[in-house]
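Visitor: Chain order of the listed sequences is A and B. Per our numbering, numbering of the first sequence is gapless, rising by one per residue and ending at 1176. Per our numbering, numbering of the second sequence is gapless, rising by one per residue and ending at 140.
Hints may be right or wrong, so weigh each one.
[Said to hold, decoys possible] A short, non-exhaustive set of chain B residues, derived as facing chain A with CB atoms under 10 Å:
#	residue
1	Ile42
2	Leu43
3	Gly45
4	Arg71
5	Pro73
6	Val74
7	Ile125
8	Tyr128
[As the list claims (entries may be wrong)] Capping the alpha-carbon separation at 30 Å, the derived lysine-lysine pairs in BS3-like fashion look like this:
#	chain 1	residue 1	chain 2	residue 2
9	B	Lys46	B	Lys127
10	B	Lys30	A	Lys1082
11	B	Lys30	B	Lys100
12	A	Lys1126	B	Lys100
13	A	Lys1136	A	Lys1082
14	A	Lys1136	B	Lys100
Hint data in this document are derived by calculation from the structure and do not stem from the laboratory. Don't be surprised by glycine CBs; every beta carbon is placed ideally from N, CA and C.
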Amino acid sequence: DAGVIQSPRHEVTEMGQEVTLRCKPISGHNSLFWYRQTMMRGLELLIYFNNNVPIDDSGMPEDRFSAKMPNASFSTLKIQPSEPRDSAVYFCASSLSDVRRGRNTEAFFGQGTRLTVV
Amino acid sequence: KNQVEQSPQSLIILEGKNCTLQCNYTVSPFSNLRWYKQDTGRGPVSLTIMTFSENTKSNGRYTATLDADTKQSSLHITASQLSDSASYICVVSPGIYKYIFGTGTRLKVLA
């Protein structure tokens, strides 16, 4: 398996534009996470999906952010409209979770998308 | 409030030397603690994971310790190499999908 695949690796956009980040989790994993990483705040969980269903989106900053997982092999994180303060590295991670037993394997991270909003 | 604090923020050592990174947490309940290594421009990669009953775990030259009573963990790197230069992130999980991340220790190994 190639691991978690994110695209694009880098994105530079103008303030006000729509940005879509993409993620392909590891095949067979049933949990998917979107994180944002900045120097000041480190890694922050934005949203967590289990079996394609959003379980916890309390980390999504505001209505400008939305995430979807239409199937087990694809997820998107959309920012519309983008603002300079959204500049960060966005990571997608996946893991295998057994919710009933409260267990999960380690989360495997993609290489991230570095977003710059000017 | 669930928090994970790491020290030092940054560290510079000479190749071949040992070093120890610290992690203190106030996360409750406690499920497990992980140490991740993050190379520049890449995603974090897991080094070790420890549950409540484990107090030491090794992965090559990396040895992690956990004291669940004092809520402290350390990551010891033996005989450092240039490739150890990275950020090391302590992550504590209070539940199945909840991960509380520290802000990391940036390690630089000099030749």
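Visitor: For the restraint on Ile125 (chain B), tell me whether the closest CB of chain A is nearer than 10 Å.
Guide: It holds, given that the least Cβ distance between Ile125 (chain B) and chain A is near 5 Å, below 10 Å.
Visitor: Hint check: Lys1136 (chain A) vs Lys100 (chain B), CA-CA at most 30 Å. Holds or violated?
Guide: Status violated; Cα separation ~38 Å.
Visitor: With 10 Å as the cut and Cβ atoms as the points, is Tyr128 (chain B) at the interface with chain A?
Guide: holds (7 Å)
Visitor: For a C-alpha distance cap of 30 Å, please report whether Lys1126 (chain A) and Lys100 (chain B) respect it.
Guide: violated (37 Å)
Visitor: Would the hint linking Lys46 (chain B) and Lys127 (chain B) be met if the CA-CA limit is 30 Å?
Guide: violated (35 Å)
Visitor: With a cut-off of 10 Å on the beta carbons, see whether Val74 (chain B) makes it to chain A.
Guide: Holds, because the Cβ-Cβ distance from Val74 (chain B) to chain A comes to roughly 7 Å (cut-off 10 Å).
Visitor: Under the criterion of a CB-CB separation shorter than 10 Å, is Gly45 (chain B) in contact with chain A as hinted?
Guide: violated (30 Å)
Visitor: Quick one, are Lys1136 (chain A) and Lys1082 (chain A) close enough, alpha carbons at most 30 Å?
Guide: holds (15 Å)
Visitor: Any CB of chain A closer than 10 Å to the CB of Leu43 (chain B)?
Guide: The hint is violated - Leu43 (chain B) has no Cβ within 10 Å of chain A, the shortest such distance being about 26 Å.
Visitor: Hint Ile42 (chain B) vs chain A: min CB-CB distance below 10 Å?
Guide: Interface hint status for Ile42 (chain B): violated (22 Å vs cutoff 10 Å).
Visitor: Measuring from the C-beta of Arg71 (chain B) to each C-beta in chain A, is the shortest one below 10 Å?
Guide: holds (6 Å)
Visitor: Verify the proposed pairing of Lys30 (chain B) with Lys1082 (chain A), using a straight-line Cα cut of 30 Å.
Guide: violated (33 Å)
Against the hints set out earlier in the document, violations occur for numbers 1, 2, 3, 9, 10, 12, 14.
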